[in-house]
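Since chain P is already given, all that's left is putting chain L on it; use the hints.
In order, the protein sequence lines correspond to chains P and L.
For what it's worth, our numbering labels the leading residue of the first sequence as 1003, then goes sequentially.
For what it's worth, our numbering labels the leading residue of the second sequence as 1003, then goes sequentially.
Bear in mind the hints are in silico, worked out from the structure with no lab data behind them.
Hints may contain errors.
A pair holds if it fits inside one copy or across any two, identical chains being indistinguishable in the list.
To be verified - Once the Cα atoms are required to be at most 20 Å apart in a straight line, the calculated EDC-like pairs of lysine to aspartate or glutamate come out as: (1) 1167 with 1081; (2) 1098 with 1122; (3) 1183 with 1077; (4) 1098 with 1142; (5) 1158 with 1101; (6) 1044 with 1184; (7) 1227 with 1073; (8) 1183 with 1225; (9) 1027 with 1101; (10) 1130 with 1089; (11) 1227 with 1136; (12) 1212 with 1077; (13) 1183 with 1081.
None of these values were measured; they are calculated from a predicted model.
Protein chains: 2
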Amino acid sequence: MTSNYKLIIAYDGTRYFGWEHQPDKETIQGKLETVLARMCGKDTVDVIGAGRTDAGVHARAMVAHVLLDTEMTPDEIRDYMNRYLPDDIAVREVKKAGDRFHARYNALGKTYRYTLYVGDSKPVFDRKYMTVPDFVPALDAMCAAAEYLVGKHDFKSFCGNGRMKKSTVRTVDKIEIKRNKDTITITVHGNGFLQNMVRIIVGTLLEVGKGTYPPEHVQEILEAKDRRLAGPTAPAQGLCLMKVDYD
Amino acid sequence: MTSNYKLIIAYDGTRYFGWEHQPDKETIQGKLETVLARMCGKDTVDVIGAGRTDAGVHARAMVAHVLLDTEMTPDEIRDYMNRYLPDDIAVREVKKAGDRFHARYNALGKTYRYTLYVGDSKPVFDRKYMTVPDFVPALDAMCAAAEYLVGKHDFKSFCGNGRMKKSTVRTVDKIEIKRNKDTITITVHGNGFLQNMVRIIVGTLLEVGKGTYPPEHVQEILEAKDRRLAGPTAPAQGLCLMKVDYD
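Same shape as in the complex, but just chain P (with noise of 0.2 Å):
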């Protein structure tokens, strides 16, 4: 019988060309799809996401659904997909969802993180999850820039894809900036984002904690709706997917 399963995953986006799958290219769904469809012994199977990470963005707990005709348990097939995935993808629950339940179109919002080492050494052990400034950035004025990018706004200049047809409006809920001991942290709540749009966030907030320009600035960036004027993309090694929330 056929169920419809609501599954968390973690992984390490380091090797992989993002979520979504590619012809010979090595990525997440990619390799979901491959070990489910083994799993039931089908050609294929199709896992749809929350979300699309880029190539080397990492997740802690994104929510994909897939339809499965398993005698299985949830556990089972957890167990079954962790003993499979490459140790650097990792099943955290599995769960029958209702038949409507859909990742993608069910999202209500998401939580990502972006992390930066400031420290006077090297973060030796999470190297590959944080990514380390040349300079230390003004904690006080990126957090007064990132004021101006909390509301409803069209973000067209925090697309990374220019030509993108549809809506650029988004609502971001909150952004947090907190230092701890070696490593800022940027969480950014929203009820959707475009593409790259956490990294041209971070990258602009960047710009202005090393003083290139003013917080205020933020403001005509997000009014000139072009991309040439927010700040630079940060690097993908500093992102991560945190949460994807439902009803």
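Positioned in the frame of chain P, the structure of chain L alone reads:
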């Protein structure tokens, strides 16, 4: 002018043949000495560590000393080293030390930590710093077994070097076994450790945790002074040198 410097070093030991330099092999000591020799324009520099970690073992705070003839400040030395060392070795701190400071002879104690993943999934982000047993060990039995090891004992049964000629008597002050959410950490503090000693202790505690023999059997293992009676040597990747104590 030549001064004596104390270094605190962190490393991910995964791809190294241990601390101690060996011809034609990548080692931590070898990497440090190469960078410092270059910095000082010398052919060789001797970096003396507090101890030797095995191939694949990690350190958060290995301590070493080195005599250097340089005009650079300690922070400049640290920054130079971090720039030229690979990204899996970091110098956390460089300080001038008294001429008589010796990282090995003056070390009063060491703390090692072994980490096991015992959750339902897989440890994606820390997978190189944990081992995953194929059973869930019984914590209470392991704690009871550990008590037999605390104190001053002849640890010959827990020594990986069968041809060890010197005394195999050591004092273990504390073995702390803690379950966090998905991990068990075994923290061992002692005045000195024999080759593979912590890993054989962990391997033996795991046999108790699996039920192969009861906690009190550890007393017999100690008394037998025979390596063959103790458990297997636990894999290197779960082990990390956490701290070295000095006066």
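Each hint tested on the structure:
1. 1167 with 1081: neither (41 Å within a copy, 47 Å between copies)
2. 1098 with 1122: So residue 1098 and residue 1122 pass the 20 Å test across copies only (17 Å; inside, 47 Å).
3. 1183 with 1077: between (38 Å within a copy, 18 Å between copies)
4. 1098 with 1142: neither (45 Å within a copy, 35 Å between copies)
5. 1158 with 1101: Intra 35 Å, inter 62 Å, cutoff 20 Å: neither.
6. 1044 with 1184: neither (48 Å within a copy, 33 Å between copies)
7. 1227 with 1073: neither (52 Å within a copy, 52 Å between copies)
8. 1183 with 1225: neither (35 Å within a copy, 46 Å between copies)
9. 1027 with 1101: Answer is neither; intra-copy 31 Å and inter-copy 57 Å both fail.
10. 1130 with 1089: both (15 Å within a copy, 10 Å between copies)
11. 1227 with 1136: So residue 1227 and residue 1136 fail the 20 Å test inside a copy (29 Å) and across (54 Å) alike.
12. 1212 with 1077: Classified as neither: same-chain Cα gap 48 Å, cross-chain 23 Å, threshold 20 Å.
13. 1183 with 1081: So residue 1183 and residue 1081 pass the 20 Å test across copies only (18 Å; inside, 37 Å).
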